[in-house]
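Chemist: Sequence:
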Amino acid sequence: MVSSAPNDHEIYDSIRKKWVKATPEEKVRQSLIQKMINELSYPRELICIEKSLSEIPSAHLSKKEFPDRRVDVVCFMKEGRSALRPLLLIECKECSSLAESARQQVIGYNHFIQACFVAIAYPGETEFGYYDKDNQKYVFIKNLPPYNVLMRVIENARKHGN
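If you want the working numbering, it's the 1-based position in the sequence shown plus 40.
Rather than coming from a laboratory, the hints here were simulated on the basis of the structure. Do not take every clue at face value.
[Stated by the list, open to error] Listed below are the simulated EDC-like cross-link pairs for lysine to aspartate or glutamate, each with C-alpha atoms no more than 20 Å apart in a straight line: (1) Lys67 / Glu90; (2) Lys91 / Glu134; (3) Lys173 / Glu195; (4) Lys118 / Glu50; (5) Lys199 / Glu165; (6) Lys199 / Glu90; (7) Lys182 / Glu119; (8) Lys61 / Glu79.
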């Protein structure tokens with residue numbers, strides 16, 4: 041457990057295991073991470089924070105030229121014994137007034153990452169998105185599902201050849 045912040049301007053990042061500047065966006069990110077781990081059972085060891093697009097495992101397989109951008113949060117799933125595949129790509133925003141541009145940003149990043157799902161986190165709320173193949177567009181709904189629900193969706197899709 042971490043003691044109190046060294047000052048009011050920092051917040052502890054339990055994934056990176058260090059104190060970081062407590063910006064409004066960082067507060068959203070850290071609140072979301074704690075909820076993901078403690079309430080929604082996302083494995084801590086499969087969560088990465090603040091990675092450049094080119095650093096994401098399997099992103100390099102796309103052979104695309106990557107823009108110089110960083111993603112806020114990526115949760116992976118294991119494929120086989122050791123390979124990791126992006127399961128969920130999340131962008132964190134300090135307010136929901138720019139929701140449409142945030143959606144376009146996370147969809148754009150996912151063009152490179154190829155995560156199964158995307159999400160946008162704001163203070164106190166989360167939008168979860170998935171690609172609807174029938175309508176050829178992303179659909180966003182409120183709230184982030186638990187990790188085991190996403191894994192069941194993936195398993196069902198594999199069973200049905202999707």
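Chemist: Give a verdict on every hint.
Modeler: Okay, the hints, checked on the actual structure:
no.: 1; hint: Lys67 / Glu90; in the structure: holds (14 Å)
no.: 2; hint: Lys91 / Glu134; in the structure: holds (19 Å)
no.: 3; hint: Lys173 / Glu195; in the structure: holds (17 Å)
no.: 4; hint: Lys118 / Glu50; in the structure: violated (32 Å)
no.: 5; hint: Lys199 / Glu165; in the structure: violated (32 Å)
no.: 6; hint: Lys199 / Glu90; in the structure: violated (33 Å)
no.: 7; hint: Lys182 / Glu119; in the structure: violated (28 Å)
no.: 8; hint: Lys61 / Glu79; in the structure: violated (25 Å)
Consistency note: the structure conflicts with the earlier hints numbered 4, 5, 6, 7, 8.
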